[in-house]
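J.: The lines below spell out each chain.
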Amino acid sequence: MTTNILELEHITIGFKNSLFENISATIQPGTITALMGLNGIGKSCLLKTISRLLDVQKGNLKVLGKDINQYSDLEMAKVIAVVLTQKIHVDFMRVDELIYLGRSPYTNWLGDYQKIDHDIVEEVLKLIGIVELKNLLFSELSDGQKQKVLIARALAQKPTLLILDEPTTYLDIPSKIELINLLKKIAINNNIAILMSTHDLDLIEKEVDQIWLMGNDKTFHNGSPESLRSSGLFFKYFYSSESLNLN
Amino acid sequence: MNSKNLLLFIFVLLLMSFLLVYGETGLNLNSTLVWQLRLPKVIVCLLAGGMLAISGLLMQIFFQNPLAGPDTLGVSSGSSLFVAFWMMASVGFSQTITDWGMSVMSFVGALAVFCLLLFFIHKKMSRISLIITGLLISSFTSSGISVLVNMSQTLQVKNYLAWSMGSFRNVTIGEMPKFIFLSLVSIVPVLFFLKSINQYLLSESYAKSMGVNILRTRILFITIAAMQISVVTLFCGPIGFIGIISPHLARLILKKSQLKILFPAVFFIGAILALITELFIVLTPGWSLPVNAILGLIGAPVIVTYLYHQKEWSV
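Line order of the protein sequences matches chains A and B.
Just so you know, the first sequence maps onto residues 1 to 247 in this note's numbering.
Just so you know, the second sequence maps onto residues 1001 to 1315 in this note's numbering.
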């Protein structure tokens, strides 16, 4: 039996009012899960709840079999790493300095880096293929390069679960494809589970293992891309007149 | 410490020694002028300038806002209002700065403004709105102070006006131990939290995702910055511009963002700005220029230049 990295049992998410109820799903190691749904349905809210930037309103959320509220912030940082949608404004920070920040959960109170930290950062730079960027300033990179650097920072945290909020949004089509292939490589080679929200159904459908679908009728579906397509749910939520509101 | 930091440090020492030596008496080690007047002044410049600069750096990182500073967000004014209240409304209490009641009042004033700002941040206020709120807090407190001035007696008003002009010369040799003690208490703790402050550089959410305890860090940030600002405001009056421009000057000169390097540089640049201001006053005897006037002449162009060169500054 494979252990679940993440287990959602009938959870309710939201800020003050509940936004979406009764979400149940699991994530296995080394798989990619795509989170889909129309804008404003609560995708970011769900991702923030799983990464504990928001509280679970109802239900149980277990990470590696243990309730999420039993983790300290530091323990959590060693299991889950995130790449958020917010743009980062930081002047004069080099790419490698930003990636080293990902090692901070493991360093002492002074923030000194050991040999293992240097090794891991080198390894991550190679894995993402941004070795040649490492001495550049983060603020001078293109959006696609910035996205890769932020993923590298998250990977330097050595997470078991990597959460990405709309990583493909600002990218052009070739960069989107490149990024998805990269994520697939990370999931398989490093046995890291990936959960990402996205709108690019056509691009990711062949590459992901599982899709979580937050429907506009407030029901939650999960399953393989094939099963969801054959059930007609994509059409219902994304292409029908009901969802387009044309009538 | 890298070479540019070392240069800044040497510059501080040069300015300090010049201020100690310059004058009719020169550096006469037996002179009371040197020990009782010049030395306190130089130490005050060094610590007060450094503290203002560090508080500005902390606020810019904490609020993720390059225009944040003790004066722009109204923290200095909050502190001033409470000090003014204590000076003028508390008849029967001693009105010197050695009074611990006044230290507490100035700290409470700064802390109150921070709590207010935190509330607005919690309500997802934009960066521009936050700055405008800070300016409104300043104008609110100056109105409050006008009311207080109206209700007070001449001597108290005179005391207050002299203090509110801002000066690095107010601290007498007798008050020095208290000033140095309070300064060290509000600077040294920062050294222990450089790591968490560094993790804050990306954003508060990223800091949390990297294992930073947000509640604890917020309390620390605000307490330390409020202490620094209130100590300076109490002893020197409200001083503008050093807090907001020193972090920018440090980044421009060093081209670094890492706190370990930035922290000493920002401190020294704050100290240098204070020392230069004092130098200007010393070199123009008879003009009796207020500190804030000189700092305004240096500070305003620096901020405008910074804003002009910002390529993308999302609100």
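Heads up, some of the hints might be wrong.
[Claimed, not checked] List time: in silico DSSO-like cross-link candidates among lysine-lysine, alpha-carbon distance up to 30 Å: (1) Lys1256/B - Lys87/A; (2) Lys1158/B - Lys1195/B; (3) Lys1123/B - Lys146/A; (4) Lys87/A - Lys1158/B; (5) Lys158/A - Lys218/A; (6) Lys185/A - Lys206/A; (7) Lys115/A - Lys1255/B; (8) Lys146/A - Lys1158/B; (9) Lys1260/B - Lys115/A; (10) Lys78/A - Lys1178/B; (11) Lys126/A - Lys58/A; (12) Lys1260/B - Lys66/A.
[As the list claims (entries may be wrong)] Over 12 Å on every C-beta distance to chain A, these chain B residues come out as not near it, computed from the model: (13) Ser1129; (14) Val1149; (15) Leu1202; (16) Gly1211; (17) Leu1279.
Treat the hints as calculated values from the structure; they're not laboratory data.
Quick reminder that beta carbons are idealized off the backbone N, C-alpha and C, glycines included.
J.: Decide, hint by hint, whether the structure agrees.
T.: Comparing the hints with the structure gives:
| no. | hint | in the structure |
| --- | --- | --- |
| 1 | Lys1256/B - Lys87/A | 20 Å, holds |
| 2 | Lys1158/B - Lys1195/B | 45 Å, violated |
| 3 | Lys1123/B - Lys146/A | 29 Å, holds |
| 4 | Lys87/A - Lys1158/B | 50 Å, violated |
| 5 | Lys158/A - Lys218/A | 34 Å, violated |
| 6 | Lys185/A - Lys206/A | 14 Å, holds |
| 7 | Lys115/A - Lys1255/B | 26 Å, holds |
| 8 | Lys146/A - Lys1158/B | 57 Å, violated |
| 9 | Lys1260/B - Lys115/A | 19 Å, holds |
| 10 | Lys78/A - Lys1178/B | 44 Å, violated |
| 11 | Lys126/A - Lys58/A | 41 Å, violated |
| 12 | Lys1260/B - Lys66/A | 37 Å, violated |
| 13 | Ser1129 | 17 Å, holds |
| 14 | Val1149 | 41 Å, holds |
| 15 | Leu1202 | 5 Å, violated |
| 16 | Gly1211 | 3 Å, violated |
| 17 | Leu1279 | 29 Å, holds |
Violated hints, in rising order: 2, 4, 5, 8, 10, 11, 12, 15 and 16; the structure is consistent with all others.
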